[in-house]
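Peer 1: What follows is the residue order along each chain.
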Amino acid sequence: MLKNNTKKELNILTKTILIGGAAGEGIKSGGHLLSRLLIKHGYNVFLYDEYPSLIKGGHNSVRITYSIYPVYSTTKLIDVLICLDDKTFEEHKHELNEGAIIIVDPKIVKPSIDDLNNISCEILEVEVSQILRLHKIHKLMKNLCFISFFCNLIGIEQNRLIEECKLVFDNIQNIDPNLTAIDLIYRYTNDCANLYKLRFFSNSQGQSLINNLFLSGNELTGIGGIEGGLKFYAGYPMTPSSTILDFFIKWQREYQIVVKQTEDEIAAINMAIGASFAGARSMVATSGGGFSLMVEGLGLAAITETPIVIILSQRPGPATGMPTWTAQGDLQFVLHASQDEFPRVVFAPTSHDEARKITQIAINIADNYQVPVIILLDKYLSESFVNYEWKDTTIHNTRTTILTEDKLERISEYKRYELTSNGVSMRSIPGQKNGIHLASGDESDEYGYPNETATNRKNKVEKRWKKVEFIKNDIPEINVYGSPNAETVFITWGSTTGSILETIRRFNTQNIKLIALNTLFPLPSDDIKDALGRYERIFCVENNFTGQLAQILEYELDIEFTGKLLKYDGRPVFPEDVIEFLKKQNFI
Amino acid sequence: MSINLNKNTNIHTNKKCRWCPGCGNVPILYMLQRALLDLNIPLEKIVIVYDVGCHSKGAELTKVYSFYGLHGRALPVAQGIKLVNPELKVIVMSGDGGGLGLGIGHLIHVCRRNIDITYILHDNQLYGLTTGQASARTEKGVKTKTTPEGNLEDPIHPIKLLHSVGCSYIARTFSGHPHHLLETLKDAINHKGFSFVDVLQPCITFNKHNTYGWFNERIKIIKEENNLHNIYTSNKLDEITLGVFWRESKICLEEAMGIGKVASDEIPQIPDTNKIIQHYKI
Ligand SMILES: Cc1ncc(C[n+]2csc(CCOP(=O)(O)OP(=O)(O)O)c2C)c(N)n1
Ligand code: SF4
Ligand SMILES: [Mg+2]
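Chains E and U supply the protein sequences, listed in that same order.
Letter 435 of the first sequence, counting from 1, is numbered 436 in the numbering used here, and no numbers are missing.
Letter 103 of the second sequence, counting from 1, is numbered 108 in the numbering used here, and no numbers are missing.
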């Protein structure tokens, strides 16, 4: 049994700030500004924003979890609640941690202690609107005022905030009002800040992370694409995948990538298939709705053996569902999407860093095995930002199944779909002499010509499936954390990993093992068995209703789960959810 | 007019032709092959992308790089190919069902982009391969398998439609007029930009209305190009005009993007990521 020392550790080592306000009040940019400052002061940061599918007027919030230790996820409980509006308090008052601080403008928000469910919190008031009015400063500075107050509270010096402001808002013509606002707030709140400073950990504990990058899961996915030699990207905007399109639009010139926004997702995948057929490494990204439209194209890529990487960043559905929220509900869908059966590789990065690495691996596997590869992300991983220590990639790009004109010249009778021992045949590309062939969505013979004989059909089905055994050699290792002899095993996949890791870290326990799968097909069954070892209890954690991975493991590996933590409310699985789950299981 | 069906084995495979004898697809295939040879384009530099339908049975008959994709989706595949390798000559063969039904969105958008692709519409006014249902080109009132009491819907008039969305080359020709067909195809392939050729193609098995005879009685060749009046009257049924309706020179998307050929058979090196690191550094 574990001792429940969570709360204490949480308070000392990790804090979560939530800044909330109306859409358009600069919640996101404020969150980014503060995050950068925290990183520069030596804290690791995990930023996650929650917002409705609206441009103006809805409730926006950004959750920043920071710590001197690595931060693997954000948290449900809030230590500092910064309310730019009334709604922020209403929406988040039930998430307050013991000893939390609530920062409000008393003219706008009047929190009542009765609302707080016996949780002891302190309310700090700062008269932002009055100060702004008095000094004739635009109300757009509101978010900056609150952030200035908070920075003052935790001992971030005024000039460091000003410096950062100048860096982040370098596109603003007149930055003076920002600087005035900062100055005013620091002056008005100095007494209060001096009282509180000591309550927060001193920033001298952390080493400066000044060389870190600050970026999102989607941006790291894009970087993995560039490193994998991506040459064509097509996309149709759909949250939470849209920022991948933005990323490639931004870098297309620098890295000579042809990037096309298409009329729909059907066009996107078919264009990518065309580009890939012509010899360019190609990728598309979308969410569940767009993927639904791409499904016929997925089958086309499979039967023509055209390499393609499809990124699906999940959100709650079906149909439009909840566009800006998170879920892991599409695993079984991507494993089986399309008519008939054919292998596709399915990855689900378990961290920001893996998003980058797996994308590079995916592009190489797609090209070398001539199969479709799907990467499952979700809103939580795609759109959360972390500080990231850059290391050059150690993954090599390879291209083992594409022919050159020289090689083609030496082949007397080229068969594009030659039956081989590993199912992969050498591919020529348009423009090359002696490589002319037909790639066909009809079942075809070794030359590519349509052929409906029973023998040919059988051979071709087997050819496609043969690849799987060989692909297994190229998939990344599974992630196993914690002690090998732990009696309690957690199994999860994709982004949910972070919260379990965070739980293990906080308990500092030897008694939990976590197996986090980054590859769902081909399933690394042997590695999972090895990693399982002997255990007493086994739990599955997933962000869906039916336990989609659990079903696979029950079927494939005969695992009987002691319990399943399934969350399907559009919010990520938080460490607190894992802790509560363990309590319910009488584990703590 | 009779057509010379001499196979040129440089471009014609030894595969069997799988069309009904007398099908209007046959002249399109032969005239396209002849056009490509006449234009002296190296065969390995040509890619033909096929939709799904009777017309696409030509995919196994022509010895160039070919891609036989999904119903209605030939155009996106073709655009992907052209955008990563502008050195290739890219041609799309589509039926009126796939092209103006499922694929109509792609057709409109490729006109806006003006990508240098030639699009050949095998226009038999119905669905051939699925045995004779109405298409978006079936005339109002005409009986087909799915319109036993006569078609209740108006057809799409592609010449008018594509002109309104900026198509840089629009022509119409006829399977029954091989000479005109050949010259039109050559002209369209030579056009720099997106070129659309509507080929009136009798389906002798299912289309008992738009027959060779019916077309022959109505056909009139027009010489004057870029005459809006000809475009406005292109939907008339008493006089069916053939010729180039519109020709315009404007920049192609692949040029405007300015990236050029990125397709290759080489192993991609890991690029210098220094710019990225600097950009995302805090
Ligand atoms: C998504 C999809 N829907 C339906 C079909 C069935 N189908 C094949 S060809 C065709 C219609 C063909 O008509 P058209 O495009 O005019 O070509 P034609 O046979 O007349 O040359 C249809 C509906 C298909 N292959 N794919
Ligand atoms: S059904 Fe019509 S279009 Fe199809 S091959 Fe026969 S004649 Fe040609
Ligand atoms: Mg047709």
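Calculated from the structure, these hints are not laboratory results.
Keep in mind that the hints are not guaranteed to be accurate.
Unchecked claim - Over 12 Å on every C-beta distance to chain U, these chain E residues come out as not near it, computed from the model: (1) 270; (2) 324; (3) 397; (4) 433; (5) 436.
To be verified - Cross-link-like lysine to any residue pairs, in silico, SDA-like; alpha carbons within 25 Å at most: (6) 266(U) / 392(E); (7) 392(E) / 254(E); (8) 459(E) / 273(U); (9) 434(E) / 283(U).
All C-beta atoms, glycine included, are put in the ideal place defined by N, C-alpha and C.
Peer 1: Any of the earlier hints contradicted here, and which numbers?
Peer 2: 1, 3, 4, 5, 6, 8 and 9
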